[in-house]
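Student: Quick mapping for you: the protein sequence lines, in order, are chains A and B. For what it's worth, numbering that gives the first Met the number 0 labels the leading residue of the first sequence as 0, then goes sequentially. For what it's worth, numbering that gives the first Met the number 0 labels the leading residue of the second sequence as 0, then goes sequentially.
Everything labelled a hint here was simulated from the structure, so no lab data went into it. There could be a bad hint or two in this list.
Residues of chain B clear of chain A, computed beta-carbon distances all greater than 12 Å [what the hints assert, rightly or not]:
no.: 1; residue: VAL21
no.: 2; residue: SER42
no.: 3; residue: LEU46
no.: 4; residue: THR64
Partner residues aside, some chain A positions facing chain B, computed with beta carbon under 7 Å [claimed, not checked]:
no.: 5; residue: SER262
no.: 6; residue: SER291
no.: 7; residue: PHE294
no.: 8; residue: ALA297
no.: 9; residue: SER329
no.: 10; residue: PHE376
no.: 11; residue: ARG438
Each residue gets a CB set at the ideal place from its N, CA and C atoms; glycine is no exception.
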Amino acid sequence: MTTVEERTITLESARAGTGPATWGQRAIWGVVTRLGDDAPRYNLRLDLPLNPPRPAARVLADLTELLRMHDSLHTRLLPDGADGLEQVVDGAGELPMAVRTCQVEQAPAVGAALMEELAGRSFDHAREWPFRVGLVECENQVHRLVLAASHTAMDLWGEGRMLRDLELISAGETAEALLKARPALQPLEAAAHQTSALGRRKDAGARRYWCERLAAGPRRIFRNPAAPELAETEPGRLFPNALLRSPALAVAAERVATELGVSDAAVLLGAASHQLARMSGSSDVLFQVVVSNRFQPAAAESVSTMAQEAVFLLTDADKDFEEAVRRTRSVSFSAFRHAGYDKWALDREVARLVERGEAADHSCWWNDTRDPSDGPFDTVEHPSAPPRELLDQTELTWPTEFLPRANVSIAVDALTAPGALELAMTADPAVISREGMERFLRGVEELVVAKATARGEG
Amino acid sequence: MDSSALRTKILDLAIAAGDGSVTADELAGANYSLRDVGYSSLSYMRLIDSIENEVGVYLDPEAPTEHYETIDSVTALVVASGIGADA
């Protein structure tokens, strides 16, 4: 039998203040507010088994310390006029904590249900903190910690930082000591920079860069879409999701990166651009690339949501793969330098370009989610076989289908897996068929493996 | 800032942007070649960002790669991009 109880985490004397919302907060708040009842799909979810189990009082103390460390977890967002959004960092308050008590063997199922309960409903950003906590207790010990966060509080990178900090706190560290050793940029500090003269100049520069690239890019990338009639006849069509899991690509990407003197991120994006150009019929390709915006050390320690989209335009991407990769490096630098901006202002400018028919097709997305400090061969042995011989270990699966996504032709994520690199692709069937998706993913893999083989004689 | 002070500033920023991956001794041993010490893409991003924040000069990330190969070439690029040696 499961019993239900509610306790509270009490925060006192934490940092507090009020200021304009950051670019990241504004961008995500705008999205989730527009989504309404569908907003919970943007919530971040963590259902963590505790090994060994811990007393509830210890877990509660750890979470209080975590709140003291990261302001974004106790920040509310309030609309301020037509174009304003204010962040209010509360220095004190109470966070409800849902507690479920059950038998040990029931803990995973109870945790999953609690996760759905916490993350399955929208946050009221004006009234509540963007963070929900649940515990699954068995025999007077917490067996599972369930955390749900609004995307306005953190992005995926921030989630990783929060988890790391929670583990350090659980091991005995304090927020004060951790912040002293590794200062983390807090949202009010970020907003102060963004509203300074330098920040405003960067914002204007980034939006100018975006609009220039959009004006210069191809109006249409997929010249021969797979089933264009579906856009009209099946507005509710599901978008297939394919997952390529490739040890060969993991080995080959690092080898090509070393040989060309670029990052493996440039190798993958360059390969995706080259393959897209070859398949689509458009020599120039444009991706919206998700950028973590954590180049400075204090930003890298931040939990707050900072990731935004960069516009990446690669001309003549179909001509030569190696050249495409080399240019990807420098074009990425420029694009990433212009990935911090006021999204609301940019959206207005892009809408004007679209209205005038002057905007490039910006429906292709690239998100390299990999953490550079977390490699595919950190926990498994690096294969001694050359990439070509690893190709028979590649797996292509179709894990799910998604509801239609606005302005998405293809969206590709690069992920790290133990001993492999994964490419997850979601695509509009009106634009590209399942066969086309497989050809794209295997084409990216083959490009990188072939280059690694040619250079490494392997 | 004279050219020597500017170069020292760029060197300090480059080491800081390396975030522990490169030391002053290593750079000196490599004749101040960022390429030879394996300066990462992330470090370059940080360096360009730091130069804009602290020197007030915006560097074009798409400038030819040779401009980013050494401390001296980066310093020269900063001068060419807007800061005079006596600025």
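Student: So, for every hint listed, does it hold in this structure?
Tutor: A quick look at each hint next to the structure:
Under the 12 Å C-beta cut-off, the non-interface status given to VAL21/B relative to chain A holds; the minimum distance is some 14 Å. The claim that SER42/B is not at the interface with chain A is violated, since a C-beta of that chain comes within 12 Å of its own (minimum 9 Å). Distance check on LEU46/B: its Cβ comes as close as 9 Å (rounded) to a Cβ of chain A, failing to clear the 12 Å threshold; non-interface status is violated. With a minimum CB-CB distance of about 7 Å to chain A, THR64/B fails to clear the 12 Å threshold, and the non-interface call is violated.
Checking SER262/A against chain B: minimum C-beta separation of about 4 Å stays under 7 Å; hint holds. Checking SER291/A against chain B by beta carbon gives a least distance of about 10 Å; that is not within 7 Å, so the hint is violated. Hint status for PHE294/A relative to chain B: holds, with the closest Cβ pair at about 4 Å, below 7 Å. Checking ALA297/A against chain B by beta carbon gives a least distance of about 11 Å; that is not within 7 Å, so the hint is violated.
Given hint, SER329/A at the interface with chain B, holds; its Cβ is 5 Å from that chain's nearest Cβ, closer than 7 Å. With a least beta-carbon distance of about 18 Å to chain B, the hint placing PHE376/A at the interface is violated under the 7 Å criterion. Interface restraint check for ARG438/A: the shortest CB-CB distance to chain B comes to about 29 Å, outside 7 Å, so the restraint is violated.
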